[in-house]
Amino acid sequence: MGQTLVQKIITRASGRKTITPGEIVTCSVDLALILDSGGPRKIWPRLKELGIGVWDKDKVIVVADHFVPAADPQSAAILKLTRDFVKAYDITYFYDMEGICHVILAENGQLQPGMFCCGGDSHSTMGGAFGCYMAGFGAIEMTGVVITGDIWTVVPDTIRINWSGAFGPGTVAKDVMLFLARKLGMENAFKVVEYGGETVRNMPMLERMVLTNMAAELGAETGLIEPDEITLDMIRTGGREPAPDALDWKSDADADYVATHEFEAAALTPQVAAPHKPSNSAPVEDFASEKITIDQAYIGACVGAKLTDLHMAASILKGKKVAAGTRLLVAPSSKKIMSDAAADGTLSTITEAGAILLPSGCGACAGLGAGVLADGEVCISSTNRNFQGRMGSNDAAVYLGSPYTVAAAAVAGHIVDPRDMLQ
Amino acid sequence: MSIATGKAWVFGDEINSDVMAPGIYFKESNEIMASHCLEAVDPNFAHKVQPGDIVVGGRNFGIGSAREQAALSFRHLKVGAILAKSFARIFYRNALNFGVPALIFPEASDVRAGDMLSVNAVTGKVENLTSKKNYVVDSIPQHLMDMIQAGGLMPHLKKRLQKKGHI
Numbered sequence: 001m002g003q004t005l006v007q008k009i010i011t012r013a014s015g016r017k018t019i020t021p022g023e024i025v026t027c028s029v030d031l032a033l034i035l036d037s038g039g040p041r042k043i044w045p046r047l048k049e050l051g052i053g054v055w056d057k058d059k060v061i062v063v064a065d066h067f068v069p070a071a072d073p074q075s076a077a078i079l080k081l082t083r084d085f086v087k088a089y090d091i092t093y094f095y096d097m098e099g100i101c102h103v104i105l106a107e108n109g110q111l112q113p114g115m116f117c118c119g120g121d122s123h124s125t126m127g128g129a130f131g132c133y134m135a136g137f138g139a140i141e142m143t144g145v146v147i148t149g150d151i152w153t154v155v156p157d158t159i160r161i162n163w164s165g166a167f168g169p170g171t172v173a174k175d176v177m178l179f180l181a182r183k184l185g186m187e188n189a190f191k192v193v194e195y196g197g198e199t200v201r202n203m204p205m206l207e208r209m210v211l212t213n214m215a216a217e218l219g220a221e222t223g224l225i226e227p228d229e230i231t232l233d234m235i236r237t238g239g240r241e242p243a244p245d246a247l248d249w250k251s252d253a254d255a256d257y258v259a260t261h262e263f264e265a266a267a268l269t270p271q272v273a274a275p276h277k278p279s280n281s282a283p284v285e286d287f288a289s290e291k292i293t294i295d296q297a298y299i300g301a302c303v304g305a306k307l308t309d310l311h312m313a314a315s316i317l318k319g320k321k322v323a324a325g326t327r328l329l330v331a332p333s334s335k336k337i338m339s340d341a342a343a344d345g346t347l348s349t350i351t352e353a354g355a356i357l358l359p360s361g362c363g364a365c366a367g368l369g370a371g372v373l374a375d376g377e378v379c380i381s382s383t384n385r386n387f388q389g390r391m392g393s394n395d396a397a398v399y400l401g402s403p404y405t406v407a408a409a410a411v412a413g414h415i416v417d418p419r420d421m422l423q
Numbered sequence: 001m002s003i004a005t006g007k008a009w010v011f012g013d014e015i016n017s018d019v020m021a022p023g024i025y026f027k028e029s030n031e032i033m034a035s036h037c038l039e040a041v042d043p044n045f046a047h048k049v050q051p052g053d054i055v056v057g058g059r060n061f062g063i064g065s066a067r068e069q070a071a072l073s074f075r076h077l078k079v080g081a082i083l084a085k086s087f088a089r090i091f092y093r094n095a096l097n098f099g100v101p102a103l104i105f106p107e108a109s110d111v112r113a114g115d116m117l118s119v120n121a122v123t124g125k126v127e128n129l130t131s132k133k134n135y136v137v138d139s140i141p142q143h144l145m146d147m148i149q150a151g152g153l154m155p156h157l158k159k160r161l162q163k164k165g166h167i
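Chains A and B, in that order, give the protein sequences. Numbered by this note's numbering, the letters in the first sequence go through residues 1 to 423 in order. Numbered by this note's numbering, the letters in the second sequence go through residues 1 to 167 in order.
Pulled out of the complex, with its shape left as it was, chain B reads as follows (with noise of 0.2 Å):
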């Protein structure tokens, strides 16, 4: 799960957490809310997106709201990674909870939709298949890295708390 490889798909600065989740949903299931994410900025993402494509954003990726929703569509819509330049607050953390790995890629714009990606998010190497271009970015943090090697929050507090012999 630390290496993943599919297709870029490519948006843009200040991708907000509303585009990602739009609020006319939150009703519905996780499984509806996914199929409507991005909706407003590209209305084939949800759709053709496949298991383990690449989500590449710009700067402050998930800006607004803390829906978790956000976060958790790309991982119903089985995501690989998400690079972006930068990420805004509750998003990034919202990701690695969900065990989505989300790694800051300065060089964001040298992808082009469509080429194909591999991300380690352990070594934090980034290799663009397409272009031949390689890049190594800052991993993810040990302790955050357990956490989505556990596959999330939920699975790193089952072992925490079974370790205290809480449950």
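With the rest of the complex left out, here is chain A (with noise of 0.2 Å):
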């Protein structure tokens, strides 16, 4: 029996010859990143404690995105610790203020196929994309992996995902997400998840970064894309050359999958998850008739407001208004992000629409920046989550959408169908 594409990674990062299913490993970690909010601030008094410093400079990988730009003194206080600590240990790679950690490593080449990473992050499974194992660990264990550079795993099934043929209008890789977690829940643990098929095949980075951020959503350990020539493009977009052996972190043929699912991409729809779990979702025409009044529309996160996603919003928005009574927030998730889409006028027709631009940064999603919501609001947000607080007042109701999807809503002030809005 062969393995899968996870299951090469992981008997490489261990060194062992072979592994199973549920068996308990250690691997070598090949990038550790760290963030503003539960990086240096957490795992430096712990470094200080045990008297120890960091593994590799080089493969310990700053980013400060969640409290950008400070909005009070302690959001300041916590960012210049993060700069403090990038002193203090001679740290290589430092993104102060440039995106959302998630984005920033895929526009800078940082990860290839078949590296082993981790990230103290939930979304850090986006990192997939690129073929390589990447999932999410708190704190208290990003601090043992800066330190010793390994890290426990469990060896992990592997659910492999298939979609075939082209979406119809005004569905994307969000809409699938929304629709897998409602289709396979959102209890995956302790499995992987792989994304594959002509679908897959011909979507770009961007929109494959989406599949594997929202492994989050379904539970799963993380999710992979087996790596082509379009992600050995974006790897030397990002000033790297791809190893000579990207192309071979494939899973075998004969790959031991626990699950194999397959689906039409031409019959999903666009979808909407309603309050307050992403698995609580429907085709959004079940929610078109209710006329869900929306008070704020959040174009923003690192999973929802990518070039990709500021054209399907500024497509909706081209020479229409945001209606009276709603207003529209949008975060590019990066700097570069918000640059290039300055440079080809997408900022443009976002703003003369009505919208407001905010900062890059994890931001509202995570009830950390502008944009949080009051008690009884209602928003229909791009972002991957929508549980009850997060995004403010835990009396707020969060719906949860593509691009296309939130934009349209802005524009109706309630939830409507985008379809009838493309351009």
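Bear in mind the hints are in silico, worked out from the structure with no lab data behind them. Where a beta carbon is used, it is the ideal one built from N, C-alpha and C, also for glycine. Check each hint, because a few of them may be wrong.
[Unchecked claim] One side of the interface only, derived from the structure: several residues of chain B facing chain A at Cβ under 7 Å:
1) N16
2) K27
3) A40
4) G64
5) R89
6) I90
7) N97
8) V136
9) V137
10) P155
11) L157
12) I167
[Claimed, not checked] Computed far set for chain B versus chain A, every beta-carbon distance over 12 Å:
13) I3
14) Q50
15) D110
16) S118
17) T130
18) H166
Hints are included, so try docking the two chains, each in its own frame, into the full complex.
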């Protein structure tokens, strides 16, 4: 019986000849991502307590993205501590207010097929779009990784998900994930989701990254996509040369999947998740008849404000205005995306429609920055989770949708089928 | 520390890490964060839970964010053990790393709020002293139990680094 991609990576990283799903192995870590929120502020005191430093200053990557830019003295102090940590340990790669970590790693060619990576944020799964293992861990565990360069994992089973055919209008990777959260549920712990098939192969990297990002919403350890030329192109765009063996990192033809699912892209329509969980989803038509009034439409986060996402929003907003009584907030996922969207005219389309631009960062998605919600407010968001209280008040209601669906709701003032507004 | 006895606090399925550690208190101290633990689903919990009490959850307990405060808050509140039908991966790892025993307990629905429970994380014995029902659940794998008994990842790391002569 052959191995799946993740099993091959774990075999390599654990230095073992063979591995069996369910057994616990220790892996050498190729890249450790830590952030302002749960990084230096949690890890540095622990390093001091133990009297030890970081295992490899080239492999510990620091990103300041959660509390940026500082909105109060506490945030400012956390960011200063993050910068001081980088200086104290002479960290090679520090991205300070450049954008959201998962997108930053991709933009800078940091991820290569076959790598074993750990990140201090649950959406670290996004990195799996590059054919590497990248999963999320808490700060306490990232402390161990930063010191030792290794970590234990349970060898996971792999679920294979194949999509065939082409999407209909206004339907994108985000709709795939809201559909899968309902179909597969959110309880796939210690399993890995591998996406493939013609539809996935035809997706640009920024759309593939939505699939792996929201593997977290399936409760999976991570999501992976086998690398191809599209993967290698993005690594090159990020300024690095792919490793010579990059395209060898694929699942064997006779790999042992715990389950295989086949879906038709043409049969999928835009999806919306109702409060308070991503799996609480249904086709947008089911919501459109209810006339759900929207106070805030939010296009942001790692998953939902990349250049492809801003293009989707702009294609709806072009020549239209945000409805009276509704506000549209847009926080591009990175500084580079902000700049690219300014250069190609996307930002002017969005702002002419009446949207408010916010800085790049995790912000309102995690209830941290500008754009949080009051009691009783209703929001539709292109972010990845809508748990109660996540975006501010416990009494706010958050719906999830694609950037098309969020932009269309902003124009209509209530949830509508975005396909009726496509130009 | 392997046996915890206390009152049961019962929660449903898919209790997520955002409600355990709300983002709006992220910048606050661990103590303040813990005082808001689960307030969206039970405003009394963080104020009334007593040292040694047992948290009982349904399926996929702790789904969501990697925030360590979700598990750390239970340690601050001195929760004796967490029993759940199933755990989300990162939460489960965080709980064990903070030395909070987390045991998979398929019969969690048998427990009523306020029942007195006794949990032995080493043997997997769970006793409901109120209903007089006894259960045996899977114990925690030995290499993880070593860490919990050391008090969590930090003391465990210290031992490992000392053994290797790194500190």
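Now for the hints, and whether the structure bears them out:
no.	hint	in the structure
1	N16	holds (5 Å)
2	K27	holds (4 Å)
3	A40	holds (4 Å)
4	G64	holds (6 Å)
5	R89	holds (4 Å)
6	I90	holds (6 Å)
7	N97	holds (4 Å)
8	V136	violated (21 Å)
9	V137	violated (17 Å)
10	P155	violated (10 Å)
11	L157	holds (6 Å)
12	I167	holds (5 Å)
13	I3	holds (24 Å)
14	Q50	holds (24 Å)
15	D110	holds (20 Å)
16	S118	holds (27 Å)
17	T130	holds (29 Å)
18	H166	violated (6 Å)
Violated hints, in rising order: 8, 9, 10 and 18; the structure is consistent with all others.
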